[in-house]
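Chemist: Let the hints inform the model, and build the full structure from the sequences given.
There are 2 protein chains.
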Amino acid sequence: MPKVGMEPIRRKELITAAIEAIHARGSLDITIRDIASRAGVSLGLAHHYFGSKDRLIIAAMRFLLSQFSTQVRNSLQCVSTPRDRLSAIVKASLGEEQFQPEVVSAWLVFYVHAQMSDDARQLLAVYTRRLRSNLLYPLRPLAGERAEFVAEGVAALIDGIYIRQSLGDGRQRFRDRYGLVEDYIDRQLGFTQAENNQAGTA
Amino acid sequence: MPKVGMEPIRRKELITAAIEAIHARGSLDITIRDIASRAGVSLGLAHHYFGSKDRLIIAAMRFLLSQFSTQVRNSLQCVSTPRDRLSAIVKASLGEEQFQPEVVSAWLVFYVHAQMSDDARQLLAVYTRRLRSNLLYPLRPLAGERAEFVAEGVAALIDGIYIRQSLGDGRQRFRDRYGLVEDYIDRQLGFTQAENNQAGTA
DNA sequence: TTTTATTGATCGTATGTTCAATAAAAATAG
DNA sequence: CTATTTTTATTGAACATACGATCAATAAAA
Numbered sequence: 001m002p003k004v005g006m007e008p009i010r011r012k013e014l015i016t017a018a019i020e021a022i023h024a025r026g027s028l029d030i031t032i033r034d035i036a037s038r039a040g041v042s043l044g045l046a047h048h049y050f051g052s053k054d055r056l057i058i059a060a061m062r063f064l065l066s067q068f069s070t071q072v073r074n075s076l077q078c079v080s081t082p083r084d085r086l087s088a089i090v091k092a093s094l095g096e097e098q099f100q101p102e103v104v105s106a107w108l109v110f111y112v113h114a115q116m117s118d119d120a121r122q123l124l125a126v127y128t129r130r131l132r133s134n135l136l137y138p139l140r141p142l143a144g145e146r147a148e149f150v151a152e153g154v155a156a157l158i159d160g161i162y163i164r165q166s167l168g169d170g171r172q173r174f175r176d177r178y179g180l181v182e183d184y185i186d187r188q189l190g191f192t193q194a195e196n197n198q199a200g201t202a
Numbered sequence: 001m002p003k004v005g006m007e008p009i010r011r012k013e014l015i016t017a018a019i020e021a022i023h024a025r026g027s028l029d030i031t032i033r034d035i036a037s038r039a040g041v042s043l044g045l046a047h048h049y050f051g052s053k054d055r056l057i058i059a060a061m062r063f064l065l066s067q068f069s070t071q072v073r074n075s076l077q078c079v080s081t082p083r084d085r086l087s088a089i090v091k092a093s094l095g096e097e098q099f100q101p102e103v104v105s106a107w108l109v110f111y112v113h114a115q116m117s118d119d120a121r122q123l124l125a126v127y128t129r130r131l132r133s134n135l136l137y138p139l140r141p142l143a144g145e146r147a148e149f150v151a152e153g154v155a156a157l158i159d160g161i162y163i164r165q166s167l168g169d170g171r172q173r174f175r176d177r178y179g180l181v182e183d184y185i186d187r188q189l190g191f192t193q194a195e196n197n198q199a200g201t202a
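Residue numbers (this note's numbering), protein chains in the order written: chain A, 1 to 202; chain B, 1 to 202.
Check each hint, because a few of them may be wrong.
When the alpha-carbon atoms are kept at most 35 Å apart in a straight line, the in silico DSBU-like pairs for lysine-lysine are as follows [unchecked claim]:
| hint | chain 1 | residue 1 | chain 2 | residue 2 |
| --- | --- | --- | --- | --- |
| 1 | A | K3 | A | K53 |
| 2 | A | K12 | A | K53 |
| 3 | A | K53 | B | K53 |
| 4 | B | K91 | A | K91 |
Derived by calculation from the structure, the hints in this document are not laboratory data.
Modeler: Structure representation (structure tokens):
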């Protein structure tokens with residue numbers, strides 16, 4: 001029953017279905033047939049709207065990156081001090097939206113895909129540069145010369161927590177993910193004893 | 001020219017070729033034909049020795065894990081204090097052997113593969129548990145109750161540095177990878193100012 | 001002669017892509 | 001308001017390709 005104006009709806013449905021399929025399979029080794037089936041449309045329609053499997057994958061990746069950027073931007077509003085800015089970035093990077101199982105799976109898969117796809121690599125490079133820039137801006141006044149060092153540490157911690165989450169056997173082994181990064185930042189900025197959080201283990 | 005006793009030789013050649021193929025392709029989407037070709041043998045021989053593609057992949061994974069374990073064990077010899085023990089683990093985890101491009105690619109790919117292969121997940125779980133145990137042993141006397149927290153932080157940092165290395169555009173953006181972790185450990189253990197290393201940026 | 005190492009042709013299967021056909025809505029004309 | 005034309009949405013069969021797996025055959029060593 002063709003209604004006009006279905007294109008953006010179908011595109012989003014197919015992208016969502018692709019992310020679901022990636023999560024279910026645990027890799028990019030998925031079929032357009034499966035994606036189309038999950039979206040409730042025929043095989044041909046996916047090709048009609050995206051042209052090829054590769055472009056559908058890239059579109060899904062771009063969707064997640066855009067969603068993450070929005071999350072960061074929202075987090076950075078209503079924030080005044082540089083220290084709060086750092087917390088906002090951490091909270092956006094490790095927030096519930098980014099920790100949904102499908103999203104974690106997809107990000108991990110995209111990381112790997114970036115090793116063989118130029119488009120994917122460029123997209124990830126944008127994210128990497130933006131995160132680095134977002135971290136450096138509040139870190140310059142707080143950490144001075146050590147800003148780049150701390151930024152690299154925070155970024156690595158975030159990525160590491162993320163990748164370790166992807167291996168969680170259903171139960172998440174370590175729940176205080178913000179605490180790990182906040183504690184790191186506090187210590188880097190000169191607090192010998194992290195003051196706000198007890199930093200307890202799971 | 002069949003010589004007797006070729007089995008272990010061929011197995012290792014095929015495993016090495018598989019790791020090369022994974023690095024070249026950037027994923028597990030590789031063909032047995034390619035692997036066999038890289039090893040200089042026929043397609044059929046790979047099946048003869050490994051039975052299936054999956055078992056060859058698992059064998060390659062097991063090879064890398066075993067190589068890493070050996071590296072850690074060697075590093076832990078000739079070490080006395082708990083603090084030195086920590087450094088030894090860090091050095092083994094981020095050492096040159098583990099940072100060869102083929103090895104980095106393979107590890108990243110195996111991380112993803114663990115999401116859909118039970119065998120792969122179990123193998124990685126062994127590595128994760130062993131690393132955690134190795135870190136906790138020297139951390140208990142040094143960090144007391146915070147040992148588990150610090151262990152999780154160190155592990156996440158290592159994994160994060162590792163995954164970020166895999167995206168390096170040829171040049172490695174941040175070369176002082178030991179420094180990041182050592183600095184983290186020092187600060188967690190109470191040194192306000194990291195004393196031994198300047199912890200400079202790249 | 002028996003065992004071990006090795007090959008490559010062959011088969012079935014699954015996948016990405018193409019394409020002609022269909023059906024409903026919208027636009028246009030009478 | 002109806003009839004026809006055009007546009008948009010959608011389908012699934014068909015095709016070429018590539019892959020993993022199987023297997024009978026071969027050749028050298030024991």
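Chemist: Tell me, in ascending order, the numbers of any earlier hints that this structure violates.
Modeler: none
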